[in-house]
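Participant: Here is how the chains run, residue by residue.
Protein chains: 2
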Amino acid sequence: MLKKRKLARGVAIAGAGMSKFGMFGDKNSKDLFAEAFSEMLASIDKGADPNDIDALYVGNFSNDYFVHQSHWGPIVSDLIGLTPKPATRTEGACASSALAFREGVFAIASGFYDIVLVGGVEDMSKRTTEEVAEGLALATVPYEGEVGFTFPGVFGALATAYFAKYGASREDLMNITIKSHNNAPLNPKAQFPFTIREIMEMRKKSMTRKGLPVPDWSDEKAFLSDPSVNPAVAWPMHLYDCCPISDGASCMLLVAEDIVSNFTDDPIYVAGIGQGSGRGLHASDSLTSFEATRYAAREAYGMAGLGPESIQFAEVHDCFSMAELVHVEDLGFFEPGKGFRAIAEGATALNGPVPINTSGGLKCKGHPVGATGVSQLYEVWTQLRGKAGDRQVPKENLRVGAAHNLGGTGGTCTFTILERR
Amino acid sequence: MLKKRKLARGVAIAGAGMSKFGMFGDKNSKDLFAEAFSEMLASIDKGADPNDIDALYVGNFSNDYFVHQSHWGPIVSDLIGLTPKPATRTEGACASSALAFREGVFAIASGFYDIVLVGGVEDMSKRTTEEVAEGLALATVPYEGEVGFTFPGVFGALATAYFAKYGASREDLMNITIKSHNNAPLNPKAQFPFTIREIMEMRKKSMTRKGLPVPDWSDEKAFLSDPSVNPAVAWPMHLYDCCPISDGASCMLLVAEDIVSNFTDDPIYVAGIGQGSGRGLHASDSLTSFEATRYAAREAYGMAGLGPESIQFAEVHDCFSMAELVHVEDLGFFEPGKGFRAIAEGATALNGPVPINTSGGLKCKGHPVGATGVSQLYEVWTQLRGKAGDRQVPKENLRVGAAHNLGGTGGTCTFTILERR
Numbered sequence: 001m002l003k004k005r006k007l008a009r010g011v012a013i014a015g016a017g018m019s020k021f022g023m024f025g026d027k028n029s030k031d032l033f034a035e036a037f038s039e040m041l042a043s044i045d046k047g048a049d050p051n052d053i054d055a056l057y058v059g060n061f062s063n064d065y066f067v068h069q070s071h072w073g074p075i076v077s078d079l080i081g082l083t084p085k086p087a088t089r090t091e092g093a094c095a096s097s098a099l100a101f102r103e104g105v106f107a108i109a110s111g112f113y114d115i116v117l118v119g120g121v122e123d124m125s126k127r128t129t130e131e132v133a134e135g136l137a138l139a140t141v142p143y144e145g146e147v148g149f150t151f152p153g154v155f156g157a158l159a160t161a162y163f164a165k166y167g168a169s170r171e172d173l174m175n176i177t178i179k180s181h182n183n184a185p186l187n188p189k190a191q192f193p194f195t196i197r198e199i200m201e202m203r204k205k206s207m208t209r210k211g212l213p214v215p216d217w218s219d220e221k222a223f224l225s226d227p228s229v230n231p232a233v234a235w236p237m238h239l240y241d242c243c244p245i246s247d248g249a250s251c252m253l254l255v256a257e258d259i260v261s262n263f264t265d266d267p268i269y270v271a272g273i274g275q276g277s278g279r280g281l282h283a284s285d286s287l288t289s290f291e292a293t294r295y296a297a298r299e300a301y302g303m304a305g306l307g308p309e310s311i312q313f314a315e316v317h318d319c320f321s322m323a324e325l326v327h328v329e330d331l332g333f334f335e336p337g338k339g340f341r342a343i344a345e346g347a348t349a350l351n352g353p354v355p356i357n358t359s360g361g362l363k364c365k366g367h368p369v370g371a372t373g374v375s376q377l378y379e380v381w382t383q384l385r386g387k388a389g390d391r392q393v394p395k396e397n398l399r400v401g402a403a404h405n406l407g408g409t410g411g412t413c414t415f416t417i418l419e420r421r
Numbered sequence: 001m002l003k004k005r006k007l008a009r010g011v012a013i014a015g016a017g018m019s020k021f022g023m024f025g026d027k028n029s030k031d032l033f034a035e036a037f038s039e040m041l042a043s044i045d046k047g048a049d050p051n052d053i054d055a056l057y058v059g060n061f062s063n064d065y066f067v068h069q070s071h072w073g074p075i076v077s078d079l080i081g082l083t084p085k086p087a088t089r090t091e092g093a094c095a096s097s098a099l100a101f102r103e104g105v106f107a108i109a110s111g112f113y114d115i116v117l118v119g120g121v122e123d124m125s126k127r128t129t130e131e132v133a134e135g136l137a138l139a140t141v142p143y144e145g146e147v148g149f150t151f152p153g154v155f156g157a158l159a160t161a162y163f164a165k166y167g168a169s170r171e172d173l174m175n176i177t178i179k180s181h182n183n184a185p186l187n188p189k190a191q192f193p194f195t196i197r198e199i200m201e202m203r204k205k206s207m208t209r210k211g212l213p214v215p216d217w218s219d220e221k222a223f224l225s226d227p228s229v230n231p232a233v234a235w236p237m238h239l240y241d242c243c244p245i246s247d248g249a250s251c252m253l254l255v256a257e258d259i260v261s262n263f264t265d266d267p268i269y270v271a272g273i274g275q276g277s278g279r280g281l282h283a284s285d286s287l288t289s290f291e292a293t294r295y296a297a298r299e300a301y302g303m304a305g306l307g308p309e310s311i312q313f314a315e316v317h318d319c320f321s322m323a324e325l326v327h328v329e330d331l332g333f334f335e336p337g338k339g340f341r342a343i344a345e346g347a348t349a350l351n352g353p354v355p356i357n358t359s360g361g362l363k364c365k366g367h368p369v370g371a372t373g374v375s376q377l378y379e380v381w382t383q384l385r386g387k388a389g390d391r392q393v394p395k396e397n398l399r400v401g402a403a404h405n406l407g408g409t410g411g412t413c414t415f416t417i418l419e420r421r
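Chains A and B are the protein sequences, given in the same order.
The opening position of the first sequence corresponds to residue 1 in UniProt numbering, with each subsequent residue numbered one higher.
The opening position of the second sequence corresponds to residue 1 in UniProt numbering, with each subsequent residue numbered one higher.
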């Protein structure tokens, strides 16, 4: 029985921003954060003076490794003119900036600060793909990395276990990929803003132009089943099951509920926060579920006084197609083993009952690891404010959305519920 | 004018522990943290059930670099049986675990958690000295590292500036080294538990044994002036002005003030917390002061409602002898430019009016960077409880002590005031 958690003081979001995600040879972490920060400032309905920010939390996984620079708190603090105010880096692998968000919430709820900037950044593309893979392995727990378990391998193992247990197949994972790619062109920040059908047509044109024989792909699934365009990485994880290498930044201004009306008449409130830690696959009692996610969900639902049925849409950590499937079950949106059928029926599509990853998800929006957590919350905030443009969730009375962030192989998981009152 | 900060809920320390500090070929980060955790549990007067811990914060600078493993939150969480509860890593270079401490304070003060473990760990000795120097350079801000500014170089520049401005000399820095080495043998956890006089006598014996001519060192300063035993690293920083490379861990159990009587009848309270960020030397308006320290001190003094005159003893971040001199002035214990004379008169000695670094400091106790912040707080807690043995501050009515932690070249500074009521 988990104790019900609550905060002594409510916290709301006054504004948010994110850089475009992608591989940018000409932009470093500071350029990217500046892009996110500028958009965040412009997003605050009644404006804000950056000098009023009390403190900064910035999530970063391992720019230590990627660009040989650690200690990002003061670097970002200097960039935005915040020194000598405090700046703290949080690290929880791919969940690094969700941790920054949570610490910002605590800092305000504690009564110590009123206005806190939280965000994340990662600059991964300056290294070769092989080096990035080596860097990401820093985030696996010991035993996994040591025996050569890469991230595609881990989620391949989960998929194999899920297939054996529940009778799903690669085709079910393709549904997830196709759905995310359907949302991506509607998101101007996305790294891959193309549907699978568009990619298929581009490929056909390119082959025709080169005078090559053009395969007769009947539909998206036929395309994704062709190993010449979608080779296996770690079966059953193929290329299009995996998120890309990305650079990017995101940030968000958190303010105490009691002063949020100074910033906006349309604030989004932090209704529930949750976080859990995990032991790694070698010690897990299940290969089709992450205990850390389930714990984070219990904490957040408990605080919010809400259950999964109240979540109208969510961003979940789809580093791999298989990850999305595990999470939507762990978070209670679907019963264990039933998610893949619901997805096949369109349950998670933009116009479905529980739209998932309306941003295109990590798969298409991109995954600059330290920036991802707050970028997910940016999407939920944007949707709740009704400002998601062509990808706006088509529901009346959109009120409650959530974001789930996962670090490593489930070592760190967070779940955050946002609410428009 | 800095706003006065306060916490909605008070926080106290129920217990604390640290590993021995040193270079341990046969111990890794988990071994070291286990050592600290065991001592912490045993230190809780009325006992505690580890299952009651709500969350963990662990400071680590860059085990990413030192042992090619990041994401230490869940690793430590698994080690002590805390999973699936949340575990967060904080990083602020050499101030990493002071940040963990502060986040633990916020998490409890926010009302969300009641019992939080905070600590730090670093495992540096598995790399060569050259590699460690490269790793530490990750913590400098850009521009400094890029132009080859090493840490001894930075503090050498500060010393040169201080000498020129205030008329101090190398001899004044030797007073700091000698004082720290006087305290170290009284600390069973210290990496170098020897006075300078003892080291001098050991050196004499060794030279005699080898049939070498024994120099006629009249006293400690003559010894430290001999370049054959104390060569320059980056003038005027010589070998004995620099802290060593160390492995170690530290931790502390924070609990809400309203429940601390369940754990002990002699709690130590968190009276003031402060943190600041800095831009780096290239942008500093002074080479004899850290703005981040001054900001952190203002925050902490403001919250505690105390001034420097109330601090009865302190641990300050003496990564170099020169650093200690700058800090005791920045924290207000002595006026700018007057610290070195006060130190020469014994003001910071164990039996002086403001004992500094009773633990031996980073210089002699060791400096496993991620573990240092909480290890300083461990020393203050131990002293306030009257359990520091032979190095106990010989004052009646010991009530208020403080710890100052510095990361990088002043990029992150914290100041924490603890109180026995």
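I should point out that these hints are in silico values taken from the structure, not numbers from a laboratory.
Some hints could be false.
Unchecked claim - No farther apart than 27 Å at their CA atoms in a straight line, the calculated lysine-lysine pairs in the DSS-like style are these:
{"no.": "1", "chain 1": "B", "residue 1": "Lys210", "chain 2": "B", "residue 2": "Lys221"}
{"no.": "2", "chain 1": "A", "residue 1": "Lys27", "chain 2": "A", "residue 2": "Lys165"}
{"no.": "3", "chain 1": "B", "residue 1": "Lys387", "chain 2": "B", "residue 2": "Lys46"}
{"no.": "4", "chain 1": "B", "residue 1": "Lys30", "chain 2": "B", "residue 2": "Lys165"}
{"no.": "5", "chain 1": "A", "residue 1": "Lys46", "chain 2": "A", "residue 2": "Lys20"}
{"no.": "6", "chain 1": "A", "residue 1": "Lys4", "chain 2": "A", "residue 2": "Lys30"}
{"no.": "7", "chain 1": "B", "residue 1": "Lys387", "chain 2": "B", "residue 2": "Lys20"}
{"no.": "8", "chain 1": "A", "residue 1": "Lys4", "chain 2": "A", "residue 2": "Lys165"}
{"no.": "9", "chain 1": "A", "residue 1": "Lys4", "chain 2": "A", "residue 2": "Lys20"}
{"no.": "10", "chain 1": "A", "residue 1": "Lys3", "chain 2": "B", "residue 2": "Lys46"}
{"no.": "11", "chain 1": "A", "residue 1": "Lys20", "chain 2": "A", "residue 2": "Lys3"}
{"no.": "12", "chain 1": "A", "residue 1": "Lys338", "chain 2": "A", "residue 2": "Lys387"}
{"no.": "13", "chain 1": "A", "residue 1": "Lys4", "chain 2": "B", "residue 2": "Lys6"}
{"no.": "14", "chain 1": "A", "residue 1": "Lys46", "chain 2": "B", "residue 2": "Lys3"}
{"no.": "15", "chain 1": "A", "residue 1": "Lys20", "chain 2": "A", "residue 2": "Lys126"}
{"no.": "16", "chain 1": "B", "residue 1": "Lys30", "chain 2": "B", "residue 2": "Lys126"}
{"no.": "17", "chain 1": "A", "residue 1": "Lys6", "chain 2": "B", "residue 2": "Lys6"}
{"no.": "18", "chain 1": "A", "residue 1": "Lys6", "chain 2": "B", "residue 2": "Lys4"}
{"no.": "19", "chain 1": "B", "residue 1": "Lys165", "chain 2": "B", "residue 2": "Lys126"}
{"no.": "20", "chain 1": "A", "residue 1": "Lys46", "chain 2": "B", "residue 2": "Lys4"}
{"no.": "21", "chain 1": "A", "residue 1": "Lys4", "chain 2": "B", "residue 2": "Lys46"}
Keep in mind it's a predicted model, so treat the numbers as computed, not measured.
Participant: Sort out which numbered hints this structure fails and list those numbers smallest first.
Facilitator: 2, 4, 6, 8, 9, 11, 12 and 19
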